[in-house]
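Peer 1: Chains as they are written, first to last, in UniProt numbering: chain V, 1 to 287; chain P, 1 to 287; chain S, 1 to 287; chain U, 1 to 287; chain E, 1 to 287; chain G, 1 to 287; chain L, 1 to 287.
Incorrect hints may have been included.
[Said to hold, decoys possible] Listed below are the simulated DSBU-like cross-link pairs for lysine-lysine, each with C-alpha atoms no more than 30 Å apart in a straight line:
#, chain 1, residue 1, chain 2, residue 2
1, G, Lys273, G, Lys255
2, G, Lys273, L, Lys273
3, E, Lys81, S, Lys70
4, L, Lys255, L, Lys230
5, G, Lys81, L, Lys273
6, V, Lys81, S, Lys81
7, P, Lys230, P, Lys255
8, U, Lys273, U, Lys230
9, P, Lys273, P, Lys255
10, S, Lys230, V, Lys255
11, U, Lys230, U, Lys255
12, L, Lys273, L, Lys255
13, P, Lys273, U, Lys273
14, V, Lys273, V, Lys230
15, E, Lys273, S, Lys273
16, U, Lys273, P, Lys81
17, U, Lys81, G, Lys81
18, G, Lys230, G, Lys273
19, P, Lys81, U, Lys70
20, V, Lys230, V, Lys255
Just so you know, the hints here were simulated from the structure itself, not pulled from any lab data.
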Amino acid sequence: MFDNAPWAGLVASAIAIVLILVLAIVIRNLAHRLITRMVNRAATGGSLTSRFRKSAVPEGIDALLHERRKQRAETMGSVLKHIASIVIIGTGILTVLERLTIPIAPLLTSVGILGVAIGFGAQELVKDFIAGMFMLLEDQYGVGDVIDAGAAVGTVEAVTLRVTRLRDVDGRVWYVRNGTITRIGNESQGWSRAFMDVPVAYDADIVGVRVLLEHVAEEIWADPELRESKIVEQPHVYGVEQLSDSSLVFRITAKTLPSAQAEVSRDLRLRVKTALDSAGIPMVASA
Amino acid sequence: MFDNAPWAGLVASAIAIVLILVLAIVIRNLAHRLITRMVNRAATGGSLTSRFRKSAVPEGIDALLHERRKQRAETMGSVLKHIASIVIIGTGILTVLERLTIPIAPLLTSVGILGVAIGFGAQELVKDFIAGMFMLLEDQYGVGDVIDAGAAVGTVEAVTLRVTRLRDVDGRVWYVRNGTITRIGNESQGWSRAFMDVPVAYDADIVGVRVLLEHVAEEIWADPELRESKIVEQPHVYGVEQLSDSSLVFRITAKTLPSAQAEVSRDLRLRVKTALDSAGIPMVASA
Amino acid sequence: MFDNAPWAGLVASAIAIVLILVLAIVIRNLAHRLITRMVNRAATGGSLTSRFRKSAVPEGIDALLHERRKQRAETMGSVLKHIASIVIIGTGILTVLERLTIPIAPLLTSVGILGVAIGFGAQELVKDFIAGMFMLLEDQYGVGDVIDAGAAVGTVEAVTLRVTRLRDVDGRVWYVRNGTITRIGNESQGWSRAFMDVPVAYDADIVGVRVLLEHVAEEIWADPELRESKIVEQPHVYGVEQLSDSSLVFRITAKTLPSAQAEVSRDLRLRVKTALDSAGIPMVASA
Amino acid sequence: MFDNAPWAGLVASAIAIVLILVLAIVIRNLAHRLITRMVNRAATGGSLTSRFRKSAVPEGIDALLHERRKQRAETMGSVLKHIASIVIIGTGILTVLERLTIPIAPLLTSVGILGVAIGFGAQELVKDFIAGMFMLLEDQYGVGDVIDAGAAVGTVEAVTLRVTRLRDVDGRVWYVRNGTITRIGNESQGWSRAFMDVPVAYDADIVGVRVLLEHVAEEIWADPELRESKIVEQPHVYGVEQLSDSSLVFRITAKTLPSAQAEVSRDLRLRVKTALDSAGIPMVASA
Amino acid sequence: MFDNAPWAGLVASAIAIVLILVLAIVIRNLAHRLITRMVNRAATGGSLTSRFRKSAVPEGIDALLHERRKQRAETMGSVLKHIASIVIIGTGILTVLERLTIPIAPLLTSVGILGVAIGFGAQELVKDFIAGMFMLLEDQYGVGDVIDAGAAVGTVEAVTLRVTRLRDVDGRVWYVRNGTITRIGNESQGWSRAFMDVPVAYDADIVGVRVLLEHVAEEIWADPELRESKIVEQPHVYGVEQLSDSSLVFRITAKTLPSAQAEVSRDLRLRVKTALDSAGIPMVASA
Amino acid sequence: MFDNAPWAGLVASAIAIVLILVLAIVIRNLAHRLITRMVNRAATGGSLTSRFRKSAVPEGIDALLHERRKQRAETMGSVLKHIASIVIIGTGILTVLERLTIPIAPLLTSVGILGVAIGFGAQELVKDFIAGMFMLLEDQYGVGDVIDAGAAVGTVEAVTLRVTRLRDVDGRVWYVRNGTITRIGNESQGWSRAFMDVPVAYDADIVGVRVLLEHVAEEIWADPELRESKIVEQPHVYGVEQLSDSSLVFRITAKTLPSAQAEVSRDLRLRVKTALDSAGIPMVASA
Amino acid sequence: MFDNAPWAGLVASAIAIVLILVLAIVIRNLAHRLITRMVNRAATGGSLTSRFRKSAVPEGIDALLHERRKQRAETMGSVLKHIASIVIIGTGILTVLERLTIPIAPLLTSVGILGVAIGFGAQELVKDFIAGMFMLLEDQYGVGDVIDAGAAVGTVEAVTLRVTRLRDVDGRVWYVRNGTITRIGNESQGWSRAFMDVPVAYDADIVGVRVLLEHVAEEIWADPELRESKIVEQPHVYGVEQLSDSSLVFRITAKTLPSAQAEVSRDLRLRVKTALDSAGIPMVASA
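Just chain V, with the same shape it has in the complex (with noise of 0.2 Å):
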C-alpha cells in the first residue's frame, strides 16, 4: 500500500483495476440477459414441466396465460438478477483489493464468522424461496386458484418468492412460507366432481333405486343450463357403495368444471330428494 512502487506499477494497477471494473460490468450484464432468457424459457414453456400445463388449460385464454407466465418470469428473473450481481460486484471488489496489495484476510474472517452464524439460521429463507422458485416454474397455482396448501386452504391472493398469501372461506387471510408447504392441492385445474351418497332402507327395492337415480342424471345432463356452464359429463350412479343392517347406500356422481362442483351438489341433492320424495322412498341413516 505504501511500498516505493515506480511509476510504471502505479499505472500498471490503475489499469488493472479499471480493466477489472469493466469485466465485472460487462459479465454482470451477460448474466442479467442470460438469466432473462433462461427464465423466459422456462416460463414459457420450454421447460421439464411444460407438459404439466397442456391439459389442465382450457382453450381460448391464452392471452391470460401469457400475462401470467410473463409476471412469473419476472419475478423469479428479479431474484437471480440479484444473486448475480452480488456476486459478480463482490469479486471485483475482491480482486481490486487485493490488486492493491491491501490484506482482505481481516475483512474476509470478519464477514465469515457473521456469515456462517447468518447461513445456519438463513436455511429456512432459502428453502422457502428455493420452493417459490420450483412452484412458480412448475405452475402449480397461480392467484384466483382455491388451494390446500396444508396449513391453510382459501383462495390464492399473491404468491411472492417466500410466501404464499390464502383468504379462506372465512375472509381469514393467511401467510404461508413456500418452504413449509409439501404438498398443494389445487381445485381448479381442469375439473371437479360433485358427490352424492344416498342411503335408502335395508329392503329397499335396489333396481327401482337405481333406475330412478340414473334418471336423476340424465335429467341433470339434459338441463341445458348445467350442461353449458357446470358440469362436463353425464352424471354416473354406481351400484351399492356399502350395506348395513339398515341401509342401502347409492352413490352419484358428476364431473364438473373446476370451480362448480358445490354448487352442483345442492342441485344433486335437491334433484334426488324431490325424486325420491315423489317415489316415496325416504333417505335412512347410512350405518
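Using the hints, position chains P, S, U, E, G and L against chain V.
Peer 2: Relative to the frame of chain V, chains P, S, U, E, G and L by itself:
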C-alpha cells in the same frame, strides 16, 4: 512489535493506522445511510411485496399507515445498522492489529471456538430475526390486528424482530417467537364473513324456507345501521348444503368489515330465529 | 497478468488454453455418452431392480413398457448431463484462469460463501431429485397408476424428478414433492382384492350360511363376464372372523385385476344380499 | 524453547509476556465494565423492548420493578462476564505460548477435537441460555407470575438462564428448559377476563333474558367490593352466541384484574343462577 | 506440462504412470476378493448376528436358506465393490494427474462444491443403504415373510438395499425406504399365537366355564390335523382376565406355526361357540 | 527420526520430552484439584442455582442434604476429571511426537476421520451428559423423589449423568435418557395439594352445601393426626366452580406435605360423602 | 519414489518401514489388552453404574449373572477392538506411504469425499451402536426380560450393539434399533405390582366393604403357595379411590415377584368376586 524498525517505518505504520480507522468510520457512515435508504424504500412501497397492501387497506387512513411504515423502517434499520457497525469495526481492529504485526491467530482461535459453539445454538435466534424482518417487510400484521399465530390467537400488542406479543380473549399475554410461526392468519385485512347454518326438518318445504331466508337477507341489507358500519354485501342464501334422514341444512353468509363478523353473526341468529318462529318452522338437530 | 512475458510464454499459454478447452469439450461429450448408456441400461432392465418389474407386468404390453422405459431414461439422463456439463465446464474455466495467473481466490470466496448459504437450504431440493431418480429407476409407478403417496391419494398424472402430480377422486390436483414420500402404495400392480364382511345373527346356522356364501362364490367365478375382465381367482369364503354376543361375521374375498376391486365389491354386495334375502337371513349390526 | 537466544531476546520476551498479561487484565476489566453498563441499560428501559413494559405495569410499584430489573441485570451480566473472561484469558495464554515459540498446534488439536464433539451436543445448552437471556431482557415473566409454558402451567418460582421453575396447581414443581419454550402465555400482565355462557331453552324470551343478564352485570359493577379490588369494567352481555334446536346461549364477560378472574367467575355464576331462579328460567344443556 | 523436461524425466513419468495404473488395478482386484470373502462369511454365519437365525429356523430347509444366504451375499457385495472401485480408480486418476503436474485444484474445487451440495441431500440415500445392508446382514426378513414395517404391513415381495417391496392384504404394492423403518415386526419367524377372549355373564359359574374351555383346549390338541400342521402346544386357558359388573372374561390361547394363527383362531371361535351353545351359556358384551 | 543429530540434539530432545511429560502431569493434577474445588462449590450452594433449594427443603435434614450434595459433587467431578486427563495427556503425547519430528499428520488423519464419523453419532450421548450434569447441579431431583419425566412417571431409584432410573407404580423399572427429558415435574418438593370436586343437584341449596363443606374443612384441620403429619393448611372451599343444567360443582382443596396428597384425598372423600349422606344431599353426575 | 537415492537412503527407509509396522502391531496388541481389561472392569461392577444392579438382583444367581457379564464384555470388546485395529493399521499404512514419499493427498481426497458423504448417513448407525454399548454397560435388560421398548413390547430374545430382538405376546418377532429407544421399561427387575379396582354401589357400607377386602388380603397372604412363589408383601387395601354419583371405588394392590403379577391379578379377581358374592354386594359400573 519490538523489532528495530527505523522511524520511517513507525511513521508509515502510524499513518496507515489512522487511515484505516478513518476509512472504517467513513464506510460505517456510508453503510448506515445506505441501510436507511434501503429500509425506507422497502417499507414505503418500493419493495416486491408492495402490491400486498393495496387491496387490504381501506381508504382514508393514509396517515396512520405512513406512521406504521416509519416505525417498521426504524425497527428493521436498527438491527441492520448494529450488524454493519460490528462487521466494519471488527475488520478495522483486525487490520490495525495485523499492520502492527501483532499475531491475531490466537485471538481468532479463541473467538472462533466460542463462535462455533454459540453459532449452532444461536440458529434459532437468527431464524427468529430473519422471520421477523420479513414479516415486517411484507407487513403481514401490525399492532391491533387479530391474528392466528398457531401457538396463540389474539390481538397483536407489539411486534419486535424476535417475538410477537398477543393478548388472547381471556386477557392472557402471549409471547410467540417469530421463527416458530409457519403461517399467520390475519382476521383484520379487507373483510370477514359471517356464517349461519339453518337445519330444518327433512319434510320441510324447501322452497318456502329458502324464500324466508332470502327475505331475512334483504332485511339485513336494508338495515341502514348494519349497512353503514358492518356489512359490505347483501347476505347470500345457499341451497341444501347437507341432507340427512332427519334434516335439511340451509346456509346463509354475509361479507362484513374486518372486525364485525361476530356481531353480524349474532344479529343473523336473532333475525333468522324470529323469522322461523313467526313462520312456525322449528330448527332441528342437524345430522 | 501484465508481466513482461516473452512471446514464447504467451504462445505456450495460448496453446495450453486451447488444449484445455478442447479437452473439456471432449470429456463432456464422453461423459454425456457414458450417462446415456448407463441410464438406458438401468431403465431397460440391466439394473439391480429389474426383477421388480417382471411379476408386476401383464403380458402383451411390451411396446407400452418400452416407451415408458425410454421416457424414464430421458428424464433421468437430462439432469445428469446438466450436472456433468456444469462440473466439466466449471473446471475448464478455473484451469484457464489459473493458467493465465489470474487470481481465482476472490471468485472462489464469493461463490463459496454464497454456495454454502444456498447449499444448506437446497438440501430439500437435492433430496427431492435423488428420491425422484430412484423412483424412476425402480419404476415404482408411472402415469395412470393409482397410488397412495401419504400426502395424497389418486391417479398419477405426471412424474418429474422433483414432484409427482396426482389427481384425487374429487378432481383436486396434488403436487407432492418426491423427497417427502417415505412410502408409496401402488394399487395398479399385479392384482387387487375385493372384500366383504357378512355379519349374521349370533344364533344363525353357521354351516348353512357358509354353504350359502360358497355358493355365491362359485356363481361369481362361473359368471363369464366377471371372469374374463375382472377377477382372477374363485372368491374365497373364510369362517367366523369375528364373534360377539350379537353377531357372527363371515368374510368373503376375491382376487381381481388391478383396477377392478371396487366394481367386484359392488357386485359381491348385490349378490350376497340377494342370496341372504332369498334364504331369509338378515344381516345384523356387527359388534 | 531451547534455542541459544542471547539475553536480549530473553529480556524482550519477558517484557512482551508481562505486557500481554497486563493488557489482557486491562481488557478484561474494560469488558466487564462495558457489560455491566450495557446490561443495566437493557434492563432499565433503554432497550428495544422497553415499550413492552409500559402498558403491562400497574402504577405505584416502581420500587418492586426497580429491584426486579436489578436482579435481571445481575443474572444476565454474570454469564456474559464469565464468557468475556474465558475468551480474553484464553487469548492471552495462547499469545504468551506463541511468543515463547512453544508449539500450540497439538494443544489446539486436542482441544479442537473435543470441542467439536462437545459443541454439537451442547447446542441445546446454548439455546437454553440464549432463550433465557432474551426472556429476561424482554421481561416476559417474573417470579410470582402465572404462566403457561406449554410443558407446564403454574406460578413461576425461579427464573435462571437455563431453566424456569414453576409450581402447578397440584403443588408439583416443574423445571422447564428455556430453549424448549416456543411461546409463553402470561396470565399476570395487565388484565384478565371472566366468562360465563348461559344456555336457556329454545323458546325462551330472548329480550327478557338479555335484560335480566344486563341487570346482573350492572349489579356486579355496582358492588363496591368487586369494583375496588377485582373488576375493571362493567360486565358485558353478548346476544345469541349459539343457537340449536334445544338451546339459546347468551354470554356474559367481565374484564378483571390479573389474578381475579376465577373469583369473579364464581361470583358471576352465583348471581346469574340466583337471577334465573328468581325469574323461573332454568338453564338447559347447550347443544 | 509443457516444461523442457529432458527425455529421462518423460520416461520416468511414463513408467510411474504405468506403475500407478497397474497398482490401482491390482488393489481393486484384491479389494473385490476381500469383499467377497467378508460378505460370504457375514452371510453364512460367521457374523455377530449369526445366533439370531438358529432359533428362528425350522429344520430341513437348509438348502433354501443356503440359497437365500448366497443371494444376500451377492446383493451386499455388489454395492461394496462399486464403492471400492470408485475410490481406487479415482485415487489412481488423481495420482496420475499430479504426477503429470497438471493442476488438480480447479477440478477438486468444482467437484467439492457439487459434492457438498449433493452430500447433504444424499444423507437419506446413504441411510437407506446402510439400513438395508444391516437388515440383510442380520437376516431380519426375506421374500415371503409377513412383516409390519410401520408404514405398511404385508408380505415381502422383494428386498433391495434401498427399498423393501411389500404387498398388503388388499393387493396394494408398497415400496418402503429401508432407512425409514425403525422397527420391523416379523410374523413368520418361529411361532405365532392365536387368541380368543370369551366374555360370559357376571353370574356365570366360573369353575364350570373354565372346565368347559379346558375341554375345548384338549379337544383341539387331540385333533390330528391341527396338531400336525398348525398348532405346536396344547391351548392354554387363563382364568378371569377381566371383571366388570356385566361380564367375566376368560382367555384361551394357542401357540401355532408361523402362518397358521388366523386359521386356528377361526377354528377356536367355532369350537368355543359350539361348546358354549351346547352348555346353554351365551356370550355377553364385554365391558 | 533417523537424521544424524549430534549427541547435543539428542540430549536436548530427551530433556525436552521429560519436561513435557512432567509438565503434563503437573497440569493434570492442578486441573483435577481445580475441578474438585469448583464442583464442591457448585454442589454446596455457591452456584447460580443455590436459591432453588432454600424454599424446597424442610428443616432438620441438613445432614442428609449434605450427603446428597457430596455424592452429586463426586458424580460430576468424576467425568470432568476424565475429560481433563484425556485432553492433557493427548496434548502431551502429540507434543512429544512433534518434538521427536515423528510425522503426526497420518495419525491425525485417521483419528480425525473416525472422530467426525463418531462425533455426529455421539451428539445424543453428549446431550445426555450435559443434561445430567445440569440436573445434578440444579438439584432438580434426587433418589426417592416421585417425578414425572414425560416418558415415565415414578420414584427415582438412581441418577447417573446419562440416565435416570425410575420405578413406576406397577413395579416396572424405567431407564430414561437425561437428554430426552425436556421438563421434569417433581412431586416431592415443598408441598402438594389434594382436590375434591363435589357435584350436587342443580336446585340444591348453594349456601347450605357451602356451609356443610366448610364444616368438613374445619373438622379435618382440627384432626390432630392429619394436622401433625399430613396437611399444612386448613382446607379451602371454593364456590360454584362449574354450573350446568343438572349440577352445581363445589371444590374443596387441601395443601399437604409432599407425599400425603393421595391419603388426604381419600380421607376427604370419606368425610365429604359421610357429611352429604347425613344431610341427605346426594352427589350427582357432573355435566 | 524414483529419485536417485543412494543405497544408504533405501536401507534407512526399509528399516524405518519395518519399525513402523512392528510398532503398529505392538500398539494394536496393547490397545486390545487395554480394551479387554477396561470392558471387563466395566462389566463386572467397577463402573459408574454398578450400583444399579445391586438392588435389582435376587440372591443366589451369581453364576448366571457372571455368565451374562462375561458375554456383555465380549460383545462390547469386539467392536472396540475392531475400531482400534482400523485406526492403528490405517495410521501405519499412511506413515509408510509418507516415508516412501508417495503422495497421499489424492488418496485422502477420494476417501475424504466418500467419507463425508457416508459419514452423514451413518450417524444413525453410530447412534445405534453407542446406545447399545451403554445399554449393555448399564445392564438395562438381558435375554429373557420382558421390556417395553416403545416401538414394541415383549420378551427379549437377543441383544446386539445395533438392534434388540423381542418377541411379543402374539409371537411376532420385533427388531428395534437401539438408537431409537429413548426409554426402556423393564418388567423383570426386582418386583411387580398387581392391581384391582372394586367399584361398589354409591350407598354401599364403606366400612363393611373395606373390612371384607382386608379379609381377602389376609387370606391371600396366608396362602402358602402364593406366599412362597408369587407375592412378596401382604396385599394392601386403599380407601375410596374414586367417588361418583353411582359408585365408590376401592383399590387392592399386591407386590409380587417380577413375572407373577398377571397370575396374582387373576387370583385376586377370583377371590374378591367370590367374597363379594357371598356377602351379596354386586360390583357396579364405575363412573
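Peer 1: Does each hint fit the structure? Answer for all of them.
Peer 2: Going through the hints against the structure:
1. Lys273(G) to Lys255(G): 20 Å, holds
2. Lys273(G) to Lys273(L): 25 Å, holds
3. Lys81(E) to Lys70(S): Status holds; Cα separation ~28 Å.
4. Lys255(L) to Lys230(L): 9 Å, holds
5. Lys81(G) to Lys273(L): 61 Å, violated
6. Lys81(V) to Lys81(S): Holds, because 25 Å separates the two Cα atoms, which is no more than 30 Å.
7. Lys230(P) to Lys255(P): Judged against 30 Å, a Cα distance of about 9 Å means the pair holds.
8. Lys273(U) to Lys230(U): Within the cut-off at roughly 20 Å; holds.
9. Lys273(P) to Lys255(P): 20 Å, holds
10. Lys230(S) to Lys255(V): 25 Å, holds
11. Lys230(U) to Lys255(U): 9 Å, holds
12. Lys273(L) to Lys255(L): 20 Å, holds
13. Lys273(P) to Lys273(U): At roughly 25 Å apart (the allowed maximum being 30 Å), Lys273(U) and Lys273(P) satisfy the hint.
14. Lys273(V) to Lys230(V): OK: Lys273(V) and Lys230(V) at ~20 Å, within 30 Å.
15. Lys273(E) to Lys273(S): Between Lys273(E) and Lys273(S) the Cα gap is close to 25 Å, so the pair holds against 30 Å.
16. Lys273(U) to Lys81(P): 61 Å, violated
17. Lys81(U) to Lys81(G): 25 Å, holds
18. Lys230(G) to Lys273(G): 20 Å, holds
19. Lys81(P) to Lys70(U): 28 Å, holds
20. Lys230(V) to Lys255(V): 9 Å, holds
In terms of the numbered hints stated before, the structure departs from hints 5 and 16, listed from lowest to highest.
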